[in-house]
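Asker: Given next are the chains, with one letter for each unit.
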Amino acid sequence: MAKYLLLKHYRGAPAAVNDVPMDQWTPDEVDAHVQFMRDFADRLEETGEFVDTQALSPEGTFVRYGGEGRPPVTDGPFAETKDLIAGWYIIDVESWDRAVQLAGELSAAPGAGGKPIHEWLEVRPFYGEPSTVAE
Amino acid sequence: MNEALLRDLVPAVIGVLVRRGADFVAAEDAVQDALVEAVRVWPDDPPRDPKGWLVTAAWRKFLDAARADASRRHREARVEDEPMPGPSEAADDTLQLYLLCAHPSLTPASAVALTLRAVGGLTTRQIAQAYLVPEATMAQRISRAKRTVSGVRFDRPGDVATVLRVLYLVFNEGYSGDVDLAGEAIRLTRQLAAKTNHEEAAGLLALMLLHHARRPARTGPDGRLVPLAEQDRSLWNTRLIAEGVDVLQAALTRDRLGEFQAQAAIAALHADAQTAEETDWVQIVEWYDELVRLTDSPVVRLNRAVAVGEADGPRAGLTALAGLDPALPRHTAVAAYLHERDGDPVIAARLYAEAAQSASSLPERDHLTRQAARLNAQLRS
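Quick mapping for you: the protein sequence lines, in order, are chains A and B.
Residue numbering for the first sequence follows the numbering used here, starting at 1 and increasing by one per position.
Residue numbering for the second sequence follows the numbering used here, starting at 1 and increasing by one per position.
Treat the hints as calculated values from the structure; they're not laboratory data.
Hints are supplied without guarantee of correctness; some may be wrong.
[Unchecked claim] Derived pair list, reagent style DMTMM-like, types lysine to aspartate or glutamate, alpha-carbon separation capped at 25 Å:
# : chain 1 : residue 1 : chain 2 : residue 2
1 : A       : Lys82     : B       : Glu135
2 : A       : Lys115    : B       : Asp222
3 : A       : Lys3      : A       : Glu129
4 : A       : Lys115    : A       : Asp42
5 : A       : Lys3      : A       : Glu105
6 : A       : Lys3      : A       : Glu68
7 : A       : Lys3      : B       : Glu135
8 : A       : Lys3      : A       : Asp31
9 : A       : Lys3      : A       : Asp52
Could you build all of it, start to finish, from the sequences and the hints given here?
Answerer: Next up, the structure:
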């Protein structure tokens, strides 16, 4: 088994096929989307592939060390062009192919008109522990 | 075996050990060990005197630990094996334990964790699950908290108000996870209100009962938030409401109004309305005026603006909102609501979408997005 991060972006990913802001959907379409996301998490738990999912608020700030005796330096929020992460799933699956398959299914979440959003999700492998039998 | 009843005994048993000379840190550990044993042994062999059993078991655990400690230091140390004789119930130390666990030297998160363990008798694992942190993290938080208060004198009277704030935090953490923190907060507040004659303890208990009564109606089957006005009031728990109102009325007759009593009075007025339309908003605004006087809190003023909007119309509500800091949590959502009531769906839809961006939880974000979507759909048709 290997762990993968399925990363969802508020912005920074290529535009989705069905790219309509959520507040322009009908209330029923919003409901259908929320239900799809709940069901997806449940399904991963049932298959024994779920590790974690979290959603992030869009509001954030960059922070760095400001030097000895000084407060941290903060910057942002940044212009619309910057990458902005919305949330993630962590899954533990048999193969890269399975991770890609699940990301594809998640990207099919319904959006405006009840049609799949075709949202771009980023799939990133976790570094694992060094194998004990590879030496 | 009723786990809640078992845990009711925890603070008193810790108190007995401390009075016999155990320090707080060791006493708390010993009682946790005794609880584990009780859970194992009692189902097959229930004790006639559960508290006496726990005192004896915890005292043995304490002696075992002290002996192990001592033998590490000097091999020949001898410790008395049997529990000390003497009265086990001269005084009730439960209140002292509440005060210790909510000591002002602790951060709120530490006070919450320590209260749930030492007063509530929850295991570290249960508390960690409830707060969605690793068990090792919670264990560390609790042991640091115990070290912080270990120098505090156990019998020094403290401030009940700090305990109430801790219990209020626990209650507000809500309903997720295997441990029902809201139910646990009610249990601990009920116990505290019984031990003290503090009218705000009663006020907090009433507030919790009245809010808890609405819990089945507050979320839909799909997990969505259902706003007060749209709740199915037949789902409200009338027994809890009746108890909450009784507790509140008894507290109010003592004529020492406080924040929690005033909040409970508002919750009681909502509970009293058979339909949302029957809500006595005029009286609710009066209670908010009391709350502003008591707390001068901007969050209270924000909630007051909503009530004013219902009592005197959305224009009055917007006027009440005008003086408040737009950075306040939920300010934009309140503005959206009042603008919609004022017949301005365009502004309201924009504000709801904006409020969704700064929501503090997913259900809240989904709810606000749904409101924006609803208005935008109306505007298109």
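Asker: State for each hint whether it applies.
Answerer: Now for the hints, and whether the structure bears them out:
1. Pair hint lysine 82 of chain A plus glutamate 135 of chain B does not hold up; C-alpha atoms about 36 Å apart against a cutoff of 25 Å.
2. Between the alpha carbons of lysine 115 of chain A and aspartate 222 of chain B the distance comes to roughly 21 Å, so the proposed pair stays at or under 25 Å and holds.
3. Under the criterion of a C-alpha separation no larger than 25 Å, the hint pairing lysine 3 of chain A with glutamate 129 of chain A is consistent with the structure, at around 11 Å.
4. In summary, the hint linking lysine 115 of chain A to aspartate 42 of chain A is supported, as the alpha carbons are separated by about 22 Å, within the 25 Å threshold.
5. The suggested pairing of lysine 3 of chain A with glutamate 105 of chain A holds, with an alpha-carbon distance near 17 Å, which does not exceed 25 Å.
6. This hinted pair does not check out: lysine 3 of chain A and glutamate 68 of chain A have alpha carbons roughly 39 Å apart, beyond 25 Å.
7. Note on lysine 3 of chain A and glutamate 135 of chain B: the hinted pairing holds, with a Cα-Cα distance of about 22 Å set against a maximum of 25 Å.
8. Between lysine 3 of chain A and aspartate 31 of chain A, the direct Cα distance comes to roughly 30 Å. Violation of the 25 Å bound is thereby established for this hinted pair.
9. Proposed proximity of lysine 3 of chain A and aspartate 52 of chain A is supported: the alpha carbons are some 11 Å apart, at most 25 Å.
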